[in-house]
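Number of protein chains: 2
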Amino acid sequence: MKVDNLIGERFKERPSDCTIESHALMVRGGYIKQVANGIYSQLPPMKRISQKIERIIREEMDALDGQEILMPVVLPGSLWQESGRYDSVGSELLRFCDRSRAQMVLAMTHEEAAVQLVRDSAKTYTRYPFMIYQIQTKFRDEARPRAGMIRVREFTMKDAYSFHTSQEDLERYYARCLRAYERIFARAGLPEVVAVASDSGMMGGSISHEFMLLTPAGEDTVAVCRECGYRANVEAAACIVRNEPGQEDEPLTAIPTPHSSTIEELCTFLHVPVEKTCKAVVYQKPDDGYVIAFVRGDLEISESKLTALLGCELHPAEITPESGIVAGYIGPVGLPEHVTVVLDRSVRGAAGLVTGANRIETHYIGFDPARDCPNAEYHDIAKIKDGGICPCCKKAGISLSRGIEVGNIFQLGTKYSKAMGMQYTDENGNLQTPVMGCYGIGVGRLAASVCEVRHDELGPVWPVSVAPWQAELCCLRADDPAARESADALYRELQNAGIDVLFDDRPVRAGVMFSDADLFGCPVRIVVSPKTAAAGQIELSTRDKTLKTNAPRENAVAAVRELLAGLAGDLEKHVPSRLE
Amino acid sequence: MKVDNLIGERFKERPSDCTIESHALMVRGGYIKQVANGIYSQLPPMKRISQKIERIIREEMDALDGQEILMPVVLPGSLWQESGRYDSVGSELLRFCDRSRAQMVLAMTHEEAAVQLVRDSAKTYTRYPFMIYQIQTKFRDEARPRAGMIRVREFTMKDAYSFHTSQEDLERYYARCLRAYERIFARAGLPEVVAVASDSGMMGGSISHEFMLLTPAGEDTVAVCRECGYRANVEAAACIVRNEPGQEDEPLTAIPTPHSSTIEELCTFLHVPVEKTCKAVVYQKPDDGYVIAFVRGDLEISESKLTALLGCELHPAEITPESGIVAGYIGPVGLPEHVTVVLDRSVRGAAGLVTGANRIETHYIGFDPARDCPNAEYHDIAKIKDGGICPCCKKAGISLSRGIEVGNIFQLGTKYSKAMGMQYTDENGNLQTPVMGCYGIGVGRLAASVCEVRHDELGPVWPVSVAPWQAELCCLRADDPAARESADALYRELQNAGIDVLFDDRPVRAGVMFSDADLFGCPVRIVVSPKTAAAGQIELSTRDKTLKTNAPRENAVAAVRELLAGLAGDLEKHVPSRLE
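Quick mapping for you: the protein sequence lines, in order, are chains Z and V.
At position 63 of the first sequence (counting the first as 1) the number is 63 in the numbering used here, and the numbers step up by one without a gap.
Take the position in the second sequence, starting the count at 1, then add 1000; the result is the number in the numbering used here.
By construction, these hints were calculated from the structure, which means they are not laboratory data.
Some clues are possibly wrong.
Think about it this way: if two alpha-carbon atoms lie no more than 27 Å apart in a straight line, the pair counts; the simulated DSSO-like pairs of lysine-lysine are [to be verified]:
| hint | chain 1 | residue 1 | chain 2 | residue 2 |
| --- | --- | --- | --- | --- |
| 1 | Z | Lys545 | Z | Lys2 |
| 2 | V | Lys1531 | V | Lys1548 |
| 3 | V | Lys1123 | Z | Lys12 |
| 4 | V | Lys1545 | V | Lys1002 |
| 5 | V | Lys1548 | V | Lys1002 |
| 6 | V | Lys1531 | V | Lys1002 |
| 7 | V | Lys1123 | Z | Lys2 |
| 8 | V | Lys1012 | Z | Lys123 |
| 9 | Z | Lys548 | Z | Lys531 |
| 10 | Z | Lys12 | Z | Lys2 |
| 11 | V | Lys1002 | Z | Lys123 |
| 12 | Z | Lys47 | Z | Lys12 |
| 13 | V | Lys1394 | V | Lys1418 |
| 14 | V | Lys1047 | Z | Lys123 |
| 15 | V | Lys1531 | Z | Lys47 |
| 16 | V | Lys1548 | V | Lys1012 |
| 17 | V | Lys1418 | V | Lys1123 |
| 18 | V | Lys1012 | V | Lys1047 |
| 19 | V | Lys1123 | Z | Lys47 |
| 20 | Z | Lys545 | Z | Lys531 |
| 21 | Z | Lys2 | Z | Lys47 |
Can you build the whole structure from these sequences, using the hints too?
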């Protein structure tokens, strides 16, 4: 491929709407172009990266005995009704009607379609276990697409579904798949991606893991224990709080607290530490019924935990005068009957707390949950905090990091197979319901994640395994006959040697050519100029700027090959072996 | 891959809803499974065939300097408004709103998105010509999906878009692309696909071709001239009719024609040949305005020609009493003013015709269009008929055949680039509008077409280039240690030799194994049985049943390879060379 023919443009100015580096570089380098909010076209460099990532994924899925298939993007709503998700999933599931007024959805995941595909044929235990996978377009109607290819509405995803005759068999396979994921990320140049325990969310099932690339640009928060190595999404990590015993017998007393509708104002006004407060967060259910969650003032509610507890979607509340709820002054004592109250475990065992009195500009002091809310149940609905207690080793070793979720795997159990009536006959002739796992990777998000952590100020520094081209050949002054001849011949030689090469022979200044080359980010660069051509040399360098050397022109292909092999070897060192 | 693990099932009974062989075989062989009307999942054999077809397409597109990209499935309605197609295309374009109530469409073709992708960067003539292509999911909300993968709603398509600085350059490229298409079909095992002139329909532009596989199972009709070789879709072929001069001065006379509302009844009742009648077909425009098309009684209206003439979609009419139209007795004389009347050229120059009198059970005889409709204009709105006059050589050599359209190419001109404001600066510094071409192939339809003409009563006979596996290894009586050992070793040897092999070692009867193998349709079959194993032999045969022989076990891989090379060579003979 010649740069001169390549569609797309490259430019210096950082687009103003780009909040993270990978987004800015992919726009500036002619990798992607926005078509609508959260919807992009991929230009050749991005498409080539995607294809290389897809090849790695295919190899790892095939090594797990995966069978590649293709399910539809447009699914009938009736299929999602079978599982119950047509109603339970929020508006990120895009629903519409076709010309015959049938309800359809744009598939954002394919558990239902996977069960539909195999339930008629996998009717006896001898057919198990098996795994099917596809690499395919998905659509998720995100409320807030952001960060370029990191959170989009339309994306290419590898999704896999495994079917087993026992939980034990699923767990064995799940472990192999987890390892395959570690291999995929390492092969793609991201060995630092870590598996963390996660919340299963709308997928259902119990055990699940997310694969997180820890980077400040991430939109997820991961709790990591410095003491024991425990890792989990904050939405999934149990939040453990040890309350100091309160002063006994402090009576519940209402006091005026003017202009103190926030926790900060309240603590300042009363000179109490934030840990001695009990704060409220208000939500509404799909039927608009109010839910008020109480948590210790220094903690945050995990909406994900709360949603899982209540079994329904929640949205931020609109507090009406008729609701009887006094925003800014809400407390657990004396709330209207119609409100669903949930107390976090962080207020259990505490006493002498400050909390709202459900009257304007009034709070209670001396709140003792055990005494004042004798029938209360406590649930884990708070996010673990930095410096918090590790749910695994119980030491205060938790630190929080931002992360990009580049993959996820779920032990689904029988949620879908049962709801959709999938059964097989076991060895004893009895009907059984298969156990399922599912395994996802977003291809574009993985590409963007690689860029996010493998770039410098000049552009992406693509790992050799996923680079759009392995090498770029730059011919400076192609109007010089010796340079032109040497470069043209070398281009053919490299192509004949099976090296994936981009050729820039445009009549542009060296500065333009090299800044474009930095934006293409090819691991190896070969420069031919009138000077090197006359000397029978080429200049050879790596995109990571660690090497720049001259080599004899006649050994050029061998030298490039050797460099590429070295880079591939460096990647390979970080790839764990397969589990069998 | 082992058959034992392969998902999907195979069965003997022809499904009752399958009207064509390829559909029946693909369902019976576990290739596809319906998810909704016109929406299918692809099981591994179908996915593998698709991938092989896609590889052939990629190679040919790359050889045309095509740049692979990926555009979205979901496009903003605003993009289609720019070209005017948001309103002009009928309900096969699926329109819906996203969560923010923005109008979106499911892309059925990507001219608009292609222009959007390149219009900002292809701003100077030096960037031209270029071609971009993608292989991607499309959705077309067909009113009547049918025939399995032949006419579906969701499908995988290769679509390519080329951009040029002149019509001449487009024509040169178009010829290269036409040849590349012939190569693709021949490489996929369908050298008999022919390019025929076609109607450009909703795509716009002037010159276009369809690639037709002539088969009775096709849903298109192709006119082929026995005399000069002219080929065109009946919707695109000019219909030429020579009328004998009518008897002069026969007066226009209304006569009672009871119970004669059809042309057949009328001709029987009046004892006139059908060529001496002028019949009416009634449509309605999107605004429900009536259109009545008149054509000689022996011909049929081409809705495609009529739509192109009127520049709007038409639907079958609902004739209300208020319309003033008398169904069954319609004629060109005395129709209500509000009706749009179109006369086909076939009634020009005729006289003494029978036609409706616009009164119940009444017709005119002696109708002379030139005399009775003096202001009429005549248009070509009829379909060419079998035995008709060739528009090219003017001889009566036309014969009609059914065909499946497996690809199409269009010279679009500036329709999209102009409407969407795409411009470049030419050598003289003037702004110009680029000329476009577009080029489509349906991957699934091509696979089904191959099956449609390459099968026998037992199953598909896949060409080696697109077969799901190149070879199938059958181990009869895998419980026999010698057979098992020989087959297992041979499976490994074949895999190591890079041969794409399916292995059936199930404990099933030979009849079941072989009928399944016939449904898989792999070009080469290797059978290992206790008898052949003991004799140090294998049995080797081809799916087309032309060869069945024994070969020494130790030469098995070489023998298979030789057979495959022979089959590939046979295909290659029919592949035309590339145009440069």
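A quick look at each hint next to the structure:
no.: 1; hint: Lys545/Z to Lys2/Z; verdict: holds (23 Å)
no.: 2; hint: Lys1531/V to Lys1548/V; verdict: holds (16 Å)
no.: 3; hint: Lys1123/V to Lys12/Z; verdict: holds (18 Å)
no.: 4; hint: Lys1545/V to Lys1002/V; verdict: holds (23 Å)
no.: 5; hint: Lys1548/V to Lys1002/V; verdict: holds (23 Å)
no.: 6; hint: Lys1531/V to Lys1002/V; verdict: holds (22 Å)
no.: 7; hint: Lys1123/V to Lys2/Z; verdict: holds (18 Å)
no.: 8; hint: Lys1012/V to Lys123/Z; verdict: holds (18 Å)
no.: 9; hint: Lys548/Z to Lys531/Z; verdict: holds (16 Å)
no.: 10; hint: Lys12/Z to Lys2/Z; verdict: holds (21 Å)
no.: 11; hint: Lys1002/V to Lys123/Z; verdict: holds (18 Å)
no.: 12; hint: Lys47/Z to Lys12/Z; verdict: holds (22 Å)
no.: 13; hint: Lys1394/V to Lys1418/V; verdict: violated (37 Å)
no.: 14; hint: Lys1047/V to Lys123/Z; verdict: holds (23 Å)
no.: 15; hint: Lys1531/V to Lys47/Z; verdict: violated (52 Å)
no.: 16; hint: Lys1548/V to Lys1012/V; verdict: holds (24 Å)
no.: 17; hint: Lys1418/V to Lys1123/V; verdict: holds (14 Å)
no.: 18; hint: Lys1012/V to Lys1047/V; verdict: holds (22 Å)
no.: 19; hint: Lys1123/V to Lys47/Z; verdict: holds (23 Å)
no.: 20; hint: Lys545/Z to Lys531/Z; verdict: holds (22 Å)
no.: 21; hint: Lys2/Z to Lys47/Z; verdict: holds (16 Å)
The structure is inconsistent with the numbered hints 13, 15, although it conforms to all the rest.
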